[in-house]
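Got chain L; can you put chain X on it based on the hints?
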Amino acid sequence: MHLKGALHVHTTCSDGELKIEEVVKVYTDLGFDFIALTDHDFLMRPGCYDRVNRLRTDLIIFTGIEMTVFEKGYVHVNKIRGDEDVLHIFNHPSEMDLPMDKAMARINAVGGRLPLDAVEITSKGFRTPEFEIPEIPYVKVATDDSHTRIGCGRAWIEMDCLRDKDKIIRAVRHGDFWNCFAENHHVNHFNVRLQGA
Amino acid sequence: MNKNRNVGIIGVGQSEYSSHREDVNQPEMIHEAIREALDHAGMTIDDVDCIVHGNMELFEMVHQPDLWHTLGSGAYGKESLRVTTGGTTGATLCCAADQLVASGMHDVVLAVGFEKLQEGHTTGGITNMADPLWARQLQTGALTGMTAEQVINEFGEERAKKASMKYRIIMDQHAMKNHKAHRRFDLQWDQAEDLMYTSPALVGELRMIHMCSQSDGACAMIFASEEKAKQFCPKPAWMKDHITVHREECFHIFGDAPVLMSHRYAAEKLFGRNGIKDPKKEIDVFEMYDPSSWWGLDWLREFLLFEGDEHLKMVENDEICIDGEFPINPSGGVIASNPIGATAMIRVAEAALQIMGDAGDHQVPKTVNQALASGFGGTMWTVLFLMTREIPW
Chain L
1 MHLKGALHVH TTCSDGELKI EEVVKVYTDL GFDFIALTDH DFLMRPGCYD
51 RVNRLRTDLI IFTGIEMTVF EKGYVHVNKI RGDEDVLHIF NHPSEMDLPM
101 DKAMARINAV GGRLPLDAVE ITSKGFRTPE FEIPEIPYVK VATDDSHTRI
151 GCGRAWIEMD CLRDKDKIIR AVRHGDFWNC FAENHHVNHF NVRLQGA
Chain X
198 MNKNRNVGII GVGQSEYSSH REDVNQPEMI HEAIREALDH AGMTIDDVDC
248 IVHGNMELFE MVHQPDLWHT LGSGAYGKES LRVTTGGTTG ATLCCAADQL
298 VASGMHDVVL AVGFEKLQEG HTTGGITNMA DPLWARQLQT GALTGMTAEQ
348 VINEFGEERA KKASMKYRII MDQHAMKNHK AHRRFDLQWD QAEDLMYTSP
398 ALVGELRMIH MCSQSDGACA MIFASEEKAK QFCPKPAWMK DHITVHREEC
448 FHIFGDAPVL MSHRYAAEKL FGRNGIKDPK KEIDVFEMYD PSSWWGLDWL
498 REFLLFEGDE HLKMVENDEI CIDGEFPINP SGGVIASNPI GATAMIRVAE
548 AALQIMGDAG DHQVPKTVNQ ALASGFGGTM WTVLFLMTRE IPW
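Heads up: the protein sequence lines correspond to chains L and X, in order.
Using the numbering used here, read the first sequence as starting at 1 and increasing by one per residue.
Using the numbering used here, read the second sequence as starting at 198 and increasing by one per residue.
None of these hints come from the bench; they were simulated from the model.
Hints should not be assumed to be uniformly reliable.
Ranges of calculated distance between the beta carbons of each label pair, as one might list FRET restraints [to be verified]:
(1) Asp164(L) - Met258(X): 45 to 51 Å
(2) Lys25(L) - Gly521(X): 34 to 40 Å
(3) Glu316(X) - Leu55(L): 35 to 41 Å
(4) Lys25(L) - Ser300(X): 51 to 57 Å
Far from chain L, by Cβ distances over 12 Å, these chain X residues were calculated [what the hints assert, rightly or not]:
(5) Arg218
(6) Thr241
(7) Ile588
Restricting the straight-line Cα-Cα distance to at most 16 Å, the calculated cross-link-like pairs of lysine to aspartate or glutamate (EDC-like) are [stated by the list, open to error]:
(8) Lys478(X) - Glu522(X)
(9) Lys4(L) - Glu130(L)
(10) Lys19(L) - Asp383(X)
(11) Lys374(X) - Glu17(L)
(12) Lys563(X) - Asp438(X)
(13) Lys374(X) - Glu479(X)
We put the CB at the ideal spot given by N, CA and C, even for glycine.
Next up, chain L with everything else stripped away, as it sits in the complex (with noise of 0.2 Å):
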């Protein structure tokens, strides 16, 4: 089954300016098939994905969390959680604004404190083709890191996977999945370039 996916997004839970139905809504609009909600840790509110549960979508909702780790000054991580399954991807790091070996040499210090799997190559859903390069050992994942409704649906992922969440996780951990970018983000979400993860 064709799956297509977001795995950074925030909500009203923490600094993102949709409700989690609003965002349950925009993403679905869009045709995807799954999304993360990853809100900022210290800002959420125990309880406040609760209502996750209750909602009556066709999309797959995974619950996660930004972490705010310590490595040198404060750098973010996606802990997204599956049925059984977590899966670990190291935000941003373009916003760290560091030459590239000191970027990687925080990337590789954080990835030997956590189980790092992924290390995301936008920044706000914009391409940072700098960081798809084969010295740093991670897989290489695009996404929105939306906080707006025109922060929805700039970068994504598409897979070939079954609809269960430790299966989402695993592709993307084994690098089963296509990175995707759309082209214009204020027109449309037509011209999509597809790149190998």
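Structure of chain X alone, referenced to chain L:
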């Protein structure tokens, strides 16, 4: 202040504030604010004589941005002035516009402050400002935990932390009423205890939750002579007085810790020459430049000329809430929105809106006869404004 003639604020416009305004470029973002200010004043760009433009120089890595922004600002064929004074830029823009009108040089001046920080490198710009060879022996930057430490030392850890977090949540609740504000977290009281400890630390007890962010956004204001103001606007906010105080020599990289005296000095002078004996009673609303909830808390004491813990009590007793006795930052303040070159102007703009009764959902529920607004910059630079509903002279 002896003014040649009265100056009224007759139009205010603001863009939406956000961490990333990818949907507009700089001229478009500025145009958003200017369009709204012109509509608010009921005039067109043809009615404007002069444009005063400002931001944090080189934060967007653009030299002479006012020239590039002509398309958005409407400055083509008009007199134009560019002003940059650091964090106080927005406030200084207001001073300049006010004086250009008061002097008689122009009848209608449009001031616009902006910042589009997603396109630049703020830290790079700030850290290059220190240069001992050129007597710029200062290290600017807002990330300092010194105030938190001082407040904790003076009032005890528990009371200080609670007051600071209460100030922060009140500001967020105000921001929730301001749909243009950047950071609107909908913080609730039951989060206060957690946030005091779980919010990532920046420096000492200054945590991420306490601190302002950087924003993209623009603010525009129209200043007019008394004659023009009355012609265009039924309820101008009058610029009665303003004062600028700065002491660069007290902020050294090498040497003693800086002592912030410019706020109190400015307030004493401004209140003294305008006959204000009890600012807490005589001022109806204060839009204060509060880069963090620690500073906002501490600076209340300076601006209101308090001693002791009266400023803490004001926070503890909800007096600074939008419907309180002395509302502070109904807009949500700097902690909610911080497009740096516009930030201090937003304080003046929001105070003017409160006087005009046009602040919308964050309008304070009382008549605002006198309002204060402040700006602050890295070189211990304070600008303080007094605006009135009644025409000053």
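Going down the list of hints, with the structure as the test:
Roughly 48 Å separates the CB atoms of Asp164(L) and Met258(X), a value that falls within the hinted 45 to 51 Å. Take Lys25(L) and Gly521(X): their Cβ atoms lie about 38 Å apart, and the range 34 to 40 Å holds. For Glu316(X) paired with Leu55(L), a C-beta distance near 37 Å keeps the hint of 35 to 41 Å intact. For the hinted restraint 51 to 57 Å between Lys25(L) and Ser300(X), the CB-CB distance of approximately 56 Å keeps it satisfied.
Once the 12 Å rule is applied to beta carbons, Arg218(X) is inconsistent with being away from chain L; the minimum gap is 10 Å. The claim that Thr241(X) lies off the interface holds: its Cβ sits roughly 29 Å from the closest Cβ of chain L, which is beyond the 12 Å cut-off. With a cut of 12 Å on Cβ distances, Ile588(X) stays outside the contact zone with chain L, its closest approach being about 41 Å. This hinted pair checks out: Lys478(X) and Glu522(X) have alpha carbons roughly 8 Å apart, not beyond 16 Å.
The suggested pairing of Lys4(L) with Glu130(L) is violated, with an alpha-carbon distance near 24 Å, which exceeds 16 Å. Proposed proximity of Lys19(L) and Asp383(X) is supported: the alpha carbons are some 12 Å apart, at most 16 Å. Our distance criterion of 16 Å between C-alpha atoms is met by Lys374(X) and Glu17(L), whose separation comes to about 14 Å. Restraint check for Lys563(X) and Asp438(X): the C-alpha separation of about 22 Å exceeds 16 Å, so the hint is violated.
A distance of roughly 25 Å separates the Cα atoms of Lys374(X) and Glu479(X); the hinted pair therefore is violated under the 16 Å criterion.
Checked against the numbered hints listed earlier, the structure breaks hints 5, 9, 12 and 13; every other hint is satisfied.
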